[in-house]
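Chemist: In order, the protein sequences belong to chains Y and C. Each residue of the first sequence is one higher than the last, beginning at 0 in numbering that gives the first Met the number 0. Each residue of the second sequence is one higher than the last, beginning at 0 in numbering that gives the first Met the number 0.
Possibly wrong hints are sitting among the right ones.
What the hints assert, rightly or not - Think about it this way: if two alpha-carbon atoms lie no more than 16 Å apart in a straight line, the pair counts; the simulated EDC-like pairs of lysine to aspartate or glutamate are:
#1 Lys63/Y x Asp87/Y
#2 Lys49/Y x Asp107/Y
#3 Lys166/C x Glu158/Y
#4 Lys281/C x Asp232/Y
#5 Lys254/C x Glu222/Y
#6 Lys254/C x Glu246/Y
#7 Lys269/C x Asp18/Y
#8 Lys53/Y x Asp79/Y
#9 Lys220/Y x Glu20/Y
#10 Lys212/Y x Asp28/C
#11 Lys200/Y x Glu65/Y
#12 Lys169/Y x Glu199/Y
#13 Lys261/C x Glu231/Y
#14 Lys1/C x Asp28/C
#15 Lys269/C x Glu226/Y
#16 Lys1/C x Glu162/C
#17 Lys269/C x Glu222/Y
#18 Lys281/C x Asp107/Y
#19 Lys11/C x Glu158/Y
#20 Lys11/C x Glu173/C
Note that these hints are calculated values from the structure, not bench results.
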Amino acid sequence: MHIAVLAKVVPDYEVPSADFELTDSRAHSRYTRMIGLYDENAIETGVQLKEACKAKLTIISYGKTEDISVLRKAIAMGGDALHLVMGDSDDPFVIAENLKMAIDGLGDVDLVLAGQQSADMDRGVVHSILAGMLGWQFLPQISRIQSEGDLWMVAQAHENGTRNLQFSGKGVLSITSIPENVPRIPVVRAIFAAKKKPVEKIEGIPGTPMNAKEVSVEIPKMESVCEFLPIEDMAETATTLLSKLREERYL
Amino acid sequence: MKTLIVEVMDTKRIGELVTVGRIFGDTPDILALGTGDVPGTYTKAYFTDTAVGANLIDPLVDLIREGDYQLVLLSATTLGTEIAGPLGVRLGAPVLSEVIGASADMTVTRPIYGGKAVATFTISQAPAILTVRRKYFEPADLAGTTTPVPLTGTGTTITLISEEAAKSEGIPLEDAEVIVSGGRGMGSGENFTLLREMAAILNAAVGASRGAVDEGWAAPTLQIGQTGNIVAPSVYLAVGISGASQHLAGIANAKCVVAVNKDEDANIFKRARFGIVEDYKKVVPALIQALKEEQ
Ligand SMILES: Cc1cc2nc3c(=O)[nH]c(=O)nc-3n(C[C@H](O)[C@H](O)[C@H](O)COP(=O)(O)OP(=O)(O)OC[C@H]3O[C@@H](n4cnc5c(N)ncnc54)[C@H](O)[C@@H]3O)c2cc1C
Numbered sequence: 000m001h002i003a004v005l006a007k008v009v010p011d012y013e014v015p016s017a018d019f020e021l022t023d024s025r026a027h028s029r030y031t032r033m034i035g036l037y038d039e040n041a042i043e044t045g046v047q048l049k050e051a052c053k054a055k056l057t058i059i060s061y062g063k064t065e066d067i068s069v070l071r072k073a074i075a076m077g078g079d080a081l082h083l084v085m086g087d088s089d090d091p092f093v094i095a096e097n098l099k100m101a102i103d104g105l106g107d108v109d110l111v112l113a114g115q116q117s118a119d120m121d122r123g124v125v126h127s128i129l130a131g132m133l134g135w136q137f138l139p140q141i142s143r144i145q146s147e148g149d150l151w152m153v154a155q156a157h158e159n160g161t162r163n164l165q166f167s168g169k170g171v172l173s174i175t176s177i178p179e180n181v182p183r184i185p186v187v188r189a190i191f192a193a194k195k196k197p198v199e200k201i202e203g204i205p206g207t208p209m210n211a212k213e214v215s216v217e218i219p220k221m222e223s224v225c226e227f228l229p230i231e232d233m234a235e236t237a238t239t240l241l242s243k244l245r246e247e248r249y250l
Numbered sequence: 000m001k002t003l004i005v006e007v008m009d010t011k012r013i014g015e016l017v018t019v020g021r022i023f024g025d026t027p028d029i030l031a032l033g034t035g036d037v038p039g040t041y042t043k044a045y046f047t048d049t050a051v052g053a054n055l056i057d058p059l060v061d062l063i064r065e066g067d068y069q070l071v072l073l074s075a076t077t078l079g080t081e082i083a084g085p086l087g088v089r090l091g092a093p094v095l096s097e098v099i100g101a102s103a104d105m106t107v108t109r110p111i112y113g114g115k116a117v118a119t120f121t122i123s124q125a126p127a128i129l130t131v132r133r134k135y136f137e138p139a140d141l142a143g144t145t146t147p148v149p150l151t152g153t154g155t156t157i158t159l160i161s162e163e164a165a166k167s168e169g170i171p172l173e174d175a176e177v178i179v180s181g182g183r184g185m186g187s188g189e190n191f192t193l194l195r196e197m198a199a200i201l202n203a204a205v206g207a208s209r210g211a212v213d214e215g216w217a218a219p220t221l222q223i224g225q226t227g228n229i230v231a232p233s234v235y236l237a238v239g240i241s242g243a244s245q246h247l248a249g250i251a252n253a254k255c256v257v258a259v260n261k262d263e264d265a266n267i268f269k270r271a272r273f274g275i276v277e278d279y280k281k282v283v284p285a286l287i288q289a290l291k292e293e294q
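I would like the entire structure built from these sequences, with the hints used as guidance.
Modeler: Okay, here's the thing in structure tokens:
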């Protein structure tokens, strides 16, 4: 079995709004780059599945050569190989086309996992577009995966609870976070070993972007109006808060 | 603009999409997942008892082509996410997800970088597919009902084996006027008991940050934020939550945010109307006591 996990390197997603700056409509280049939060959940799920099914695990990314040093974390976590398709498009169709090229190139991938949503464009659609292009099944927000012969049994997080679903054949699954797939911290030996692993670099293709044009990007203004309540006497703080909430008709 | 809504049989969810549809033109047509009459009045209404969105792609492609729909509207929910991408590929249609603003000239806005920025797009091709973030559009008043006709051509490539409804405790987040929410600062799952106690007196729902959900202290269905529930209560009490932009994305429409955090520099205070810089273990029991005394 061959499992591929899609991972995207993004600017630090925990930069507070007040410190956030744009250059050319994108996050300023000074922010630390890291693998997206949900992508790390997908890598962790991939590693667990690899261990359970004795599968091969390939990490696939679309991005810049500089991303390689960041992506090595995925190898240190348990990935067997890293394939980087080089390109800088932000268009979901172009990215999906490039990822498809890498998957087609591998030839024997059975299952593709991806984080539920990237931590920069926050779209959550690239993996589903990829599934459409591959002609494979797509299911989002998967929290558990089991392989039984030709069948995949998966649990899907829904607004109202969980669904247990089953399908056969190849599929693309987006992975949500659960306590069981909190990303492992790689051991030092694995980090060193990951540094030596060769990386397959693939020249990207221009692809066909979708017909929707990004015309502007703005940082919304957030006016801070916080009234800090005194804390010397907590009983009084509590009654003050409740009466203020009532006075202003919030409660 | 000829528009088709695809949504589960839920008055609020449908209402929000009808509002968006009306921005672009007349009242849209609808494909509702479920049985019975569809809330609202439509020129054309279809239904399917297929619960799995992935099984609807083929018949939807036919319906959209035959009906010559120029716009397809879904909510940014599990269902919408399941359908939008594959449908976009089959129709060669642009897909814009998590839309939070729309205007008649086919301009839409969507947040990026966890809500720290907002991008505006113009759509120049029909059909186009949009998933709309919940609670950003006031649900339209859906007068009357429409008896739908069945959608034809549905198949089963994905089988629904079983469904487990989340344990519902107290008031659902969706309808709550007051929400008491805990983050990683709560320190343990047991400590959420304090929040539940306060919520019971306030007639409030309990929510959580992703930090608390990842720790296993709260169910994923209680997560508030960009990838959790989008809520719009009158009061949102954030306890031990740092206020990451992705969390704030879920409470953009809360009227009054109260933050309890022992770090005075925590980002949550930038969004809060009232702030208490203190260990929640001192604040929450005092609030419970004050509420009890009021009773
Ligand atoms: C694509 C993407 C989507 C995301 N979606 C969501 C989402 O939907 N919802 C969400 O919440 N997050 C989401 N996140 C994660 C988000 O970035 C943060 O990691 C998360 O919100 C942090 O949770 P937290 O505030 O509970 O934890 P922390 O950031 O660890 O904050 C804990 C806070 O508790 C305070 N504290 C500690 N002890 C006490 C005490 N005794 N009394 C009072 N205060 C105390 C600390 O000062 C700190 O501010 C997403 C991230 C990404 C990249």
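Chemist: Against this structure, judge whether each hint is valid.
Modeler: Quick rundown of the hints versus the structure:
A threshold of 16 Å between alpha carbons decides the hint, and for Lys63/Y with Asp87/Y the separation of about 7 Å falls inside it, so the pair holds. The suggested pairing of Lys49/Y with Asp107/Y holds, with an alpha-carbon distance near 15 Å, which does not exceed 16 Å. The hinted pair formed by Lys166/C and Glu158/Y meets the criterion: a straight-line CA distance of about 12 Å does not exceed 16 Å. Of the supplied pair hints, the one linking Lys281/C and Asp232/Y holds, its CA atoms being roughly 10 Å apart against a limit of 16 Å.
Restraint check for Lys254/C and Glu222/Y: the C-alpha separation of about 14 Å stays at or below 16 Å, so the hint holds. Taken as a hint, the Lys254/C and Glu246/Y pair is honoured in the structure, with Cα atoms around 14 Å apart against an allowance of 16 Å. Taken as a hint, the Lys269/C and Asp18/Y pair is honoured in the structure, with Cα atoms around 12 Å apart against an allowance of 16 Å. Annotation: proposed proximity of Lys53/Y to Asp79/Y holds, straight-line Cα distance about 12 Å (limit 16 Å).
Annotation: proposed proximity of Lys220/Y to Glu20/Y holds, straight-line Cα distance about 12 Å (limit 16 Å). The hinted pair formed by Lys212/Y and Asp28/C fails the criterion: a straight-line CA distance of about 26 Å is larger than 16 Å. This hinted pair checks out: Lys200/Y and Glu65/Y have alpha carbons roughly 12 Å apart, not beyond 16 Å. The straight-line distance between the Cα atoms of Lys169/Y and Glu199/Y is roughly 23 Å, outside the 16 Å bound, and the hint therefore fails.
Taken as a hint, the Lys261/C and Glu231/Y pair is honoured in the structure, with Cα atoms around 14 Å apart against an allowance of 16 Å. Pair hint Lys1/C plus Asp28/C holds up; C-alpha atoms about 8 Å apart against a cutoff of 16 Å. A threshold of 16 Å between alpha carbons decides the hint, and for Lys269/C with Glu226/Y the separation of about 10 Å falls inside it, so the pair holds. Taking the CA atoms of Lys1/C and Glu162/C, the gap is about 35 Å. The hint is violated against a cut of 16 Å.
At roughly 7 Å between alpha-carbon atoms, Lys269/C and Glu222/Y fall within 16 Å of each other, so this suggested pair holds. In summary, the hint linking Lys281/C to Asp107/Y is not supported, as the alpha carbons are separated by about 58 Å, beyond the 16 Å threshold. Of the pairs offered as hints, the one joining Lys11/C and Glu158/Y holds, with about 14 Å between alpha carbons and a cut-off of 16 Å not exceeded. Distance check on the hinted pair: Lys11/C and Glu173/C sit about 10 Å apart at the alpha-carbon level, within 16 Å; holds.
Hints 10, 12, 16, 18 from the earlier list are contradicted by this structure; the remaining hints agree with it.
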